[in-house]
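Undergrad: Chain by chain, the residues run as shown.
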Amino acid sequence: MEKIKELDPKNRIDHMTYLPDMEVIDSDLDKRVVKAMNEYDYTLFTENDVLAALEKDVLSPRDFQALLSPAAEPLLEQIARRAQRETRKHFGNSVMMFTPVYIANYCENLCVYCGFNRHNKIRRAKLDFDEMEREFEAIAKTGLQEVLILTGESRKGSDVRYIGEACGLARKYFKVIGLEVYPMNSDEYKYLHECGADYVTVFQETYNSDKYETLHLAGHKRIWPYRFNAQERAVLGGMRGVGFAALLGLDDFRKDGFATGYHAYLLQQKYPHAEIAISCPRLRPIINNDKINPKDVHERQLLQVICAYRLFLPFASITISTRESNVFRKHVISIAATKISAGVSTGIGGHIEGEEAKGDAQFKINDGASVDDVYREIEEMGMQPVMSDYIYV
Amino acid sequence: MKDTWKLGDYEFTSRFILGSGKYSLDLIKAAVENAGAQIITLALRRAATGNVANILDYIPKGVTLLPNTSGARNADEAVRIARLAREVGCGDFIKIECIRDSKYLLPDNYETAKATEILAKEGFVVMPYMYPDLNAARDMANAGAACIMPLGAPIGTNKGLATKEFIKILIDEIDLPVIVDAGIGKPSQACEAMEMGAAAVMANTAIATAGDVPAMAEAFKHAITAGRAAYLAGTGRVLETGAAASSPLTGFLAD
Numbered sequence: 000m001e002k003i004k005e006l007d008p009k010n011r012i013d014h015m016t017y018l019p020d021m022e023v024i025d026s027d028l029d030k031r032v033v034k035a036m037n038e039y040d041y042t043l044f045t046e047n048d049v050l051a052a053l054e055k056d057v058l059s060p061r062d063f064q065a066l067l068s069p070a071a072e073p074l075l076e077q078i079a080r081r082a083q084r085e086t087r088k089h090f091g092n093s094v095m096m097f098t099p100v101y102i103a104n105y106c107e108n109l110c111v112y113c114g115f116n117r118h119n120k121i122r123r124a125k126l127d128f129d130e131m132e133r134e135f136e137a138i139a140k141t142g143l144q145e146v147l148i149l150t151g152e153s154r155k156g157s158d159v160r161y162i163g164e165a166c167g168l169a170r171k172y173f174k175v176i177g178l179e180v181y182p183m184n185s186d187e188y189k190y191l192h193e194c195g196a197d198y199v200t201v202f203q204e205t206y207n208s209d210k211y212e213t214l215h216l217a218g219h220k221r222i223w224p225y226r227f228n229a230q231e232r233a234v235l236g237g238m239r240g241v242g243f244a245a246l247l248g249l250d251d252f253r254k255d256g257f258a259t260g261y262h263a264y265l266l267q268q269k270y271p272h273a274e275i276a277i278s279c280p281r282l283r284p285i286i287n288n289d290k291i292n293p294k295d296v297h298e299r300q301l302l303q304v305i306c307a308y309r310l311f312l313p314f315a316s317i318t319i320s321t322r323e324s325n326v327f328r329k330h331v332i333s334i335a336a337t338k339i340s341a342g343v344s345t346g347i348g349g350h351i352e353g354e355e356a357k358g359d360a361q362f363k364i365n366d367g368a369s370v371d372d373v374y375r376e377i378e379e380m381g382m383q384p385v386m387s388d389y390i391y392v
Numbered sequence: 000m001k002d003t004w005k006l007g008d009y010e011f012t013s014r015f016i017l018g019s020g021k022y023s024l025d026l027i028k029a030a031v032e033n034a035g036a037q038i039i040t041l042a043l044r045r046a047a048t049g050n051v052a053n054i055l056d057y058i059p060k061g062v063t064l065l066p067n068t069s070g071a072r073n074a075d076e077a078v079r080i081a082r083l084a085r086e087v088g089c090g091d092f093i094k095i096e097c098i099r100d101s102k103y104l105l106p107d108n109y110e111t112a113k114a115t116e117i118l119a120k121e122g123f124v125v126m127p128y129m130y131p132d133l134n135a136a137r138d139m140a141n142a143g144a145a146c147i148m149p150l151g152a153p154i155g156t157n158k159g160l161a162t163k164e165f166i167k168i169l170i171d172e173i174d175l176p177v178i179v180d181a182g183i184g185k186p187s188q189a190c191e192a193m194e195m196g197a198a199a200v201m202a203n204t205a206i207a208t209a210g211d212v213p214a215m216a217e218a219f220k221h222a223i224t225a226g227r228a229a230y231l232a233g234t235g236r237v238l239e240t241g242a243a244a245s246s247p248l249t250g251f252l253a254d
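Protein chains in written order, with numbering that gives the first Met the number 0: chain C, 0 to 392; chain L, 0 to 254.
It is possible that part of the hints are untrue.
[Said to hold, decoys possible] Straight line, CA to CA, 20 Å or less: simulated EDC-like cross-link-like pairs of lysine to aspartate or glutamate:
no.	chain 1	residue 1	chain 2	residue 2
1	C	K88	L	D100
2	L	K185	C	D371
3	C	K171	C	E107
4	C	K329	C	E76
5	C	K269	L	D100
6	C	K155	C	E136
7	L	K120	L	D100
8	C	K30	C	E298
9	L	K102	C	E76
10	L	K21	C	E376
11	L	K185	L	D171
12	C	K171	C	E212
13	C	K55	C	E76
14	L	K167	L	D211
15	C	K329	C	E298
16	L	K21	C	E379
17	L	K21	L	D2
18	C	K210	C	D295
19	L	K120	L	D138
20	C	K34	C	D295
21	C	K88	L	E164
22	L	K28	C	D371
23	C	K88	C	E72
24	L	K5	L	D171
25	C	K171	L	E86
26	C	K189	L	E86
27	C	K189	L	D75
28	L	K21	C	D251
29	C	K329	C	D371
30	L	K158	C	D56
31	L	K158	C	E54
[As the list claims (entries may be wrong)] To spell it out: a stretch of chain C is covered by chain L in this simulated footprint if at least three of its residues, at any positions, have a beta carbon under 8 Å from a beta carbon of chain L; those stretches are:
no.	region
32	213 to 223
33	327 to 341
34	379 to 388
It is worth saying that the hints were derived from the structure and are not from the lab. We treat Cβ as the ideally placed atom computed from N, Cα and C, and that holds for glycine.
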């Protein structure tokens with residue numbers, strides 16, 4: 000393995016200072032989220048705080064904190080029942096289906112837990128537009144109408160124009176286009192919106208910037224505040240909806256869970272029209288690193304976090320990841336999650352039957368169920384699969 | 000004489016408008032039949048174009064489709080969605096939903112009035128979903144709305160007629176059918192809206208989240224019919240608290 004100079008902290012750039020090409024917007028959301036997160040002491044909450052939160056119609060940030068605290072764990076059954084009611088009120092029995100499409104895995108960052116990081120020896124690839132079209136065709140045949148386009152985070156490997164053209168092509172096959180790519184400036188989001196994308200998801204990974212610094216050693220991604228403000232720039236660029244997530248298990252999951260929900264809450268307050276989405280990833284094993292395991296956040300804690308998101312942000316879309324087991328996913332969509340992926344391949348060009356993926360996958364998935372399987376399973380849970388609930392205007 | 004009501008040039012006997020969202024597609028037919036509904040709403044954005052289950056295929060023939068503009072955040076977007084609905088064959092009815100608050104989903108009356116004006120001129124039967132505000136309702140009426148659809152409570156909350164007093168004012172003052180939409184959680188609340196003189200009731204979540212969807216659709220039908228019958232019968236004199244005072248206030252009158 001080549002020598003990685005950033006393993007020595009003195010060779011790393013300052014993770015709190017914007018790089019020259021990064022747009023600065025007028026926002027104090029980062030300061031407010033960090034302040035509230037730092038003041039959040041979950042050991043102070045009692046069972047009574049949790050029960051009081053469950054009595055309320057509209058939950059305050061403090062109620063959200065109570066639901067994320069250890070005091071809430073013994074009350075999980077009650078919390079899940081309330082979460083289910085809330086989900087039904089807002090979404091009925093609808094469950095949205097989508098699939099992620101990885102169009103490139105070039106990455107310029109050095110994130111120690113990620114299979115795409117620039118020093119990991121994997122097969123790198125980027126779909127050309129013919130390959131991409133065949134990939135979209137194969138996905139469209141399964142009946143899906145929503146895709147989430149992903150790239151590794153490399154402006155050089157996958158520039159904004161390349162992503163824009165991918166969106167334009169995807170619009171021919173799908174009604175809903177979401178993006179999970181590197182954070183960019185608002186004019187770039189505006190361009191991608193005009194190309195047909197309307198949703199942007201950025202995982203903050205962890206809201207603890209000190210911890211973040213030790214995990215994201217190099218590249219654009221290292222700049223914590225620029226990443227934090229990505230959703231706001233996306234909204235300013237005209238995107239209809241924005242997605243938030245912390246990678247649970249990287250740091251204290253209760254604090255990260257709180258910061259994720261509070262970040263989304265503050266953004267919706269500032270931009271009331273913005274649609275909010277939350278993802279709930281836990282760490283998964285990756286290629287070439289046996290130490291990465293989702294051992295701190297068990298299913299019980301994960302469900303607690305998901306239910307807390309639902310109760311604090313009843314209107315938000317919540318996506319359940321293929322990182323989770325089939326049984327967990329199936330049950331969570333009947334309680335709190337409203338969106339599920341299907342027919343997932345995290346490799347590059349992995350959707351065409353009979354062909355090997357062109358590039359390696361980001362992480363191992365747990366539930367490899369096909370679109371038909373997932374569709375049937377949703378129905379078996381008494382729910383209604385929905386391929387699109389969206390119109391591009 | 001048959002008790003009918005009109006939207007534009009179209010006449011209806013059923014006063015129950017059913018929603019089609021939030022429940023399983025294969026229950027729509029039974030729900031419509033049990034509800035005796037002649038109008039069903041449909042979010043255009045839910046209407047699929049692909050090769051999988053399309054909600055349009057599950058709606059019984061002969062029922063009037065009422066597409067809505069959900070997803071529109073302003074008048075311009077509502078107008079575009081309405082035109083699209085007409086293009087794909089959903090007819091001339093349009094329920095305008097202009098919502099720029101993703102948390103409570105409260106309608107924006109100002110944008111709704113603007114969209115109403117444009118679409119009415121284009122020949123749509125415009126049914127604006129609105130917050131029950133008298134001034135805005137007058138604007139909608141002047142702009143060519145075929146009815147007005149005030150909300151009873153925030154959508155999906157099943158809280159009933161939280162805005163009762165304001166809906167009452169609309170019923171008294173606006174010379175168009177008033178359809179109570181959103182928030183109705185129980186048949187008794189639908190009944191109350193009809194007793195007040197609403198022309199019709201629209202409900203979705205209350206039925207969609209019921210244990211037995213078709214059975215709840217039927218319960219609503221009966222409640223709406225009962226409320227309407229009560230309104231037509233004329234509710235009796237209701238005494239205020241306590242008996243009449245023993246020495247009358249007007250006892251001093253001499254000649």
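Undergrad: If a hint holds in the structure, say so; if it doesn't, say that too.
TA: Hint-by-hint comparison with the structure:
1. Using a Cα cut-off of 20 Å, the hinted pair C:K88 and L:D100 holds, with the two alpha carbons roughly 17 Å apart.
2. The suggested pairing of L:K185 with C:D371 is violated, with an alpha-carbon distance near 36 Å, which exceeds 20 Å.
3. In summary, the hint linking C:K171 to C:E107 is not supported, as the alpha carbons are separated by about 30 Å, beyond the 20 Å threshold.
4. In summary, the hint linking C:K329 to C:E76 is supported, as the alpha carbons are separated by about 17 Å, within the 20 Å threshold.
5. Proximity of C:K269 to L:D100 is assessed by CA-CA distance (about 11 Å); at most 20 Å being required, the pair is judged to hold.
6. In summary, the hint linking C:K155 to C:E136 is not supported, as the alpha carbons are separated by about 27 Å, beyond the 20 Å threshold.
7. As the CA atoms of L:K120 and L:D100 are separated by approximately 27 Å, the hinted pair breaks the 20 Å bound.
8. For the proposed pair C:K30 and C:E298, the alpha carbon gap of about 31 Å is over 20 Å, so the pair is violated.
9. Distance hint between L:K102 and C:E76 is unfulfilled; the C-alpha atoms sit about 26 Å from each other, more than 20 Å.
10. Taking the CA atoms of L:K21 and C:E376, the gap is near 18 Å; set against the 20 Å cutoff, the hint holds.
11. Restraint check for L:K185 and L:D171: not satisfied, since their Cα atoms lie roughly 24 Å apart, outside the 20 Å limit.
12. At most 20 Å may separate the alpha-carbon atoms for a hinted pair to count; C:K171 and C:E212 exceed this at roughly 40 Å.
13. A hinted pair counts as satisfied when its Cα atoms are at most 20 Å apart, and C:K55 with C:E76 qualifies at roughly 17 Å.
14. About 32 Å separates the Cα atoms of L:K167 and L:D211, which puts this hinted pair outside 20 Å; it is violated.
15. Between C:K329 and C:E298, the direct Cα distance comes to roughly 13 Å. Compliance with the 20 Å bound is thereby established for this hinted pair.
16. Taken as a hint, the L:K21 and C:E379 pair is honoured in the structure, with Cα atoms around 16 Å apart against an allowance of 20 Å.
17. The straight-line distance between the Cα atoms of L:K21 and L:D2 is roughly 31 Å, outside the 20 Å bound, and the hint therefore fails.
18. With a CA separation close to 16 Å, the supplied pair C:K210 and C:D295 stays within the 20 Å bound.
19. At most 20 Å may separate the alpha-carbon atoms for a hinted pair to count; L:K120 and L:D138 meet this at roughly 14 Å.
20. Straight-line distance between C-alpha atoms of C:K34 and C:D295 comes to about 25 Å, which puts the hinted pair past the 20 Å bound.
21. Restraint check for C:K88 and L:E164: the C-alpha separation of about 25 Å exceeds 20 Å, so the hint is violated.
22. Between L:K28 and C:D371 the CA atoms are separated by roughly 24 Å; this puts the pair beyond 20 Å, and the hint is violated.
23. For a cut-off of 20 Å, the pair hint linking C:K88 to C:E72 is broken: about 24 Å separates their Cα positions.
24. The suggested pairing of L:K5 with L:D171 holds, with an alpha-carbon distance near 18 Å, which does not exceed 20 Å.
25. Restraint check for C:K171 and L:E86: the C-alpha separation of about 19 Å stays at or below 20 Å, so the hint holds.
26. Note on C:K189 and L:E86: the hinted pairing is violated, with a Cα-Cα distance of about 28 Å set against a maximum of 20 Å.
27. In summary, the hint linking C:K189 to L:D75 is supported, as the alpha carbons are separated by about 19 Å, within the 20 Å threshold.
28. Of the supplied pair hints, the one linking L:K21 and C:D251 is violated, its CA atoms being roughly 36 Å apart against a limit of 20 Å.
29. Straight-line distance between C-alpha atoms of C:K329 and C:D371 comes to about 14 Å, which keeps the hinted pair within the 20 Å bound.
30. Taking the CA atoms of L:K158 and C:D56, the gap is about 11 Å. The hint holds against a cut of 20 Å.
31. Distance hint between L:K158 and C:E54 is fulfilled; the C-alpha atoms sit about 16 Å from each other, no more than 20 Å.
32. With a cut-off of 8 Å between beta carbons, the region 213 to 223 of chain C has 0 residues touching chain L; three or more are needed, and the interface restraint is violated.
33. Here the region 327 to 341 of chain C counts 0 residues with a CB under 8 Å from a CB of chain L, which misses the bar of 3, and the coverage is violated.
34. Figure legend: the region 379 to 388 of chain C, annotated as covered by chain L; annotation consistent (8 residues with Cβ-Cβ distances under 8 Å, at least 3 required).
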